[in-house]
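Model the full assembly from the supplied sequences, consistent with the hints where possible.
Protein chains: 2
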Amino acid sequence: MNKKPFLNTKAYAAFNAANPLGPYQLERRTLGSHDVAIVIDYCGICHTDIHQVRNEWGGSLYPMVPGHEIVGHVQEVGADVTGFHPGDRVGIGVMVDACRSCSSCAEGLEQYCENGFSPTYNGTEQDKKRLTYGGYAEHIIVKEHFVLHLPTHLPLPSLAPLLCAGITTYSPLRHWKVGAGQKVGIVGLGGLGHMGIQFAHALGAHTYAITTSPHKKADALKLGAEDIIVSKDPSAMAQHANSFDFILSTISAPYDLSAYLNLLKRDGTIVIVGAPNKPTELGIFDLIPGRKTIAGSLVGGIQETQEMLDFCGAHNITAEIELISIQEVNEAFERMLKSDVHYRFVIDMASLRNT
Amino acid sequence: MNKKPFLNTKAYAAFNAANPLGPYQLERRTLGSHDVAIVIDYCGICHTDIHQVRNEWGGSLYPMVPGHEIVGHVQEVGADVTGFHPGDRVGIGVMVDACRSCSSCAEGLEQYCENGFSPTYNGTEQDKKRLTYGGYAEHIIVKEHFVLHLPTHLPLPSLAPLLCAGITTYSPLRHWKVGAGQKVGIVGLGGLGHMGIQFAHALGAHTYAITTSPHKKADALKLGAEDIIVSKDPSAMAQHANSFDFILSTISAPYDLSAYLNLLKRDGTIVIVGAPNKPTELGIFDLIPGRKTIAGSLVGGIQETQEMLDFCGAHNITAEIELISIQEVNEAFERMLKSDVHYRFVIDMASLRNT
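Those protein sequences? They're chains G and X, same order as listed. The numbering of the first sequence is my numbering, which starts it at 1 and goes up by one. The numbering of the second sequence is my numbering, which starts it at 1001 and goes up by one.
Since the hints were derived computationally from the structure, they do not count as laboratory data. Every residue, glycine too, gets a C-beta built ideally from N, C-alpha and C. One should not assume that every hint holds.
Cross-link-like lysine-lysine pairs, in silico, DSBU-like; alpha carbons within 30 Å at most [stated by the list, open to error]:
no., chain 1, residue 1, chain 2, residue 2
1, G, Lys-278, X, Lys-1265
2, X, Lys-1177, G, Lys-177
3, X, Lys-1128, G, Lys-265
4, X, Lys-1265, G, Lys-129
5, X, Lys-1129, G, Lys-265
6, G, Lys-265, X, Lys-1278
7, X, Lys-1265, G, Lys-177
8, G, Lys-265, X, Lys-1143
9, X, Lys-1265, G, Lys-128
10, G, Lys-183, X, Lys-1183
11, G, Lys-278, X, Lys-1232
12, X, Lys-1177, G, Lys-265
13, G, Lys-265, X, Lys-1265
14, G, Lys-177, X, Lys-1143
15, X, Lys-1265, G, Lys-143
16, X, Lys-1278, G, Lys-278
17, X, Lys-1183, X, Lys-1265
18, G, Lys-232, X, Lys-1278
Now the in silico label distances, taken between C-beta atoms and shown as ranges [as the list claims (entries may be wrong)]:
no., chain 1, residue 1, chain 2, residue 2, range
19, X, His-1073, G, Asp-233, 34 to 42 Å
20, G, Gln-303, X, Asp-1256, 33 to 41 Å
21, X, Pro-1279, G, Ala-106, 36 to 44 Å
22, X, Arg-1100, G, Pro-289, 12 to 20 Å
23, X, Asp-1227, G, Gln-303, 47 to 55 Å
24, G, Glu-328, X, Lys-1278, 21 to 29 Å
25, X, Asp-1227, G, Ser-258, 32 to 40 Å
26, G, Ala-259, X, Arg-1100, 29 to 37 Å
Right under this line is the structure:
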């Protein structure tokens, strides 16, 4: 068992000093009988990390260790752990615990736990007291139920974004039964959108990238899109009016919902996984004449996350990433705010150990 | 065959003079081989009539004969009509024709006809030229496919509102599979809402009326509601938070969508059939954490309207009405704008003949 604190506090203090949360000493959790102790090799950077580090949504809990796109390998397992062994490649997503007894948990939908799941960071354990600390760190201890097996033949750093960006897009595509014969649009070609295009295509749908950026066409086609639709081009939007079965919106900037509803055919659905901070205007007359639907979706349950990872293994799907050191995190945040990333930053945690 | 014009122009001119559309002479349609000529006995007054007579939605077509909640009896049938005979009790709803060849029509969803259905009034025939004239009249000629059989044992005037208010609420309850074991809310206790409560209850759901008016409790219980929830009472709304499977919103005044979304449980759906003129604010964060859904719905197809009428026959469901003469129409409009009607005005067309 590792004798060091589970966070390298010296390196993390430097990161926090720049962030500016200040240095602190984190309490180390003891390995329980159902726990898995994991060495973190890589951690993706999600937009959520920026919002929460900067307290842009309010209610941030400090000290904070961000990061919920965690991949690594098992270091040690508790006495009752049966599904994992030292050396296994594993991943941790946005949840590390839930009540396991409510109706949502019973259905494998821990992300909708009626008593509140424990987020991987910026939240508390199920005791509602001890803070949870995320993946910009050397180690993490997580209950077996929330640890995921990773495909063994794909490059490890490129799997990290699957744990949030991947499952967030995969889950609604599966829940709303996207598949062959359907025309599907993915709005936004960023960390989430570039996963959504790959999944929709692999599920057999005719997939279109809907983006403000015409220069992303080559990338979109490479990821599996039939074509792109430039959302700022009214004639392109008009050409595709009333033609989509399903649209997945991954953008978090405010946008014109009406324009996307107009792309849906009768009984079509738009699912929103990227949430603008401000309310959006909804014209009810955009819904009624075609019995159209708007829905939201939040990541995915543990069972479905494992299904998604297996699906990625079977279809050789990974994220497109830029690998950085922990020392480059603050610069990465700034570049993400300018959408200057193809398509996800992933931190190499070896850089933390070398600090 | 009736030798008179199908509208009693003298009486109708008087009505129009008050409205103030001016007197006019309407062209009479010839009975075609697939047509049914109907004597109109009663016609319900829908809020849409007020909006369209007054051109509040824009694009109103004059001369206009309002009315799309029509009940009466067959006077004469065309040579190829097989399903109707003189004397049959029949109804006409909001549509009198559609293309009959698009995919929506092929599925029996003429209300979503991709080439545009012909509304019963304030629209055109499928030639996109000849105006259609509605039910505030003595007679109407309609293609057999759009004529509906009425239950024979229920009072005829109380069936008129089923043709719009009835099907508009029945269709979404059926499409979203409302039934036993579900908790269902009907927002608004007016012409539509009082039908929705009866249908949801008859379908086996635990049904609640959600209203701004505490004094409507006795009526709501009589219609089949378990209880009412006063939407202006924050503690009542909080008590029912996250508990509804399905909510049907029938109100057309602007309202706080967030408050109703908060009543839905995970995977719950709110369907909106009453459309405010102004856009509503939608907070995406009200949808994401419970995978909640907002949808719209427009009346129902012809086959489903017949199913609804048969359902009413089997369950003895009718509208609660106030029967008026054609001479009282303008006063009725004013009272409806004050929600002063229990719960639908129906015009006795004998009053038109006696003018």
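Handout entry: Hints that the structure is at odds with (numbers, increasing)
Key = Hints 10, 14, 19, 23, 24 are the ones this structure does not satisfy, whereas the remaining hints hold.
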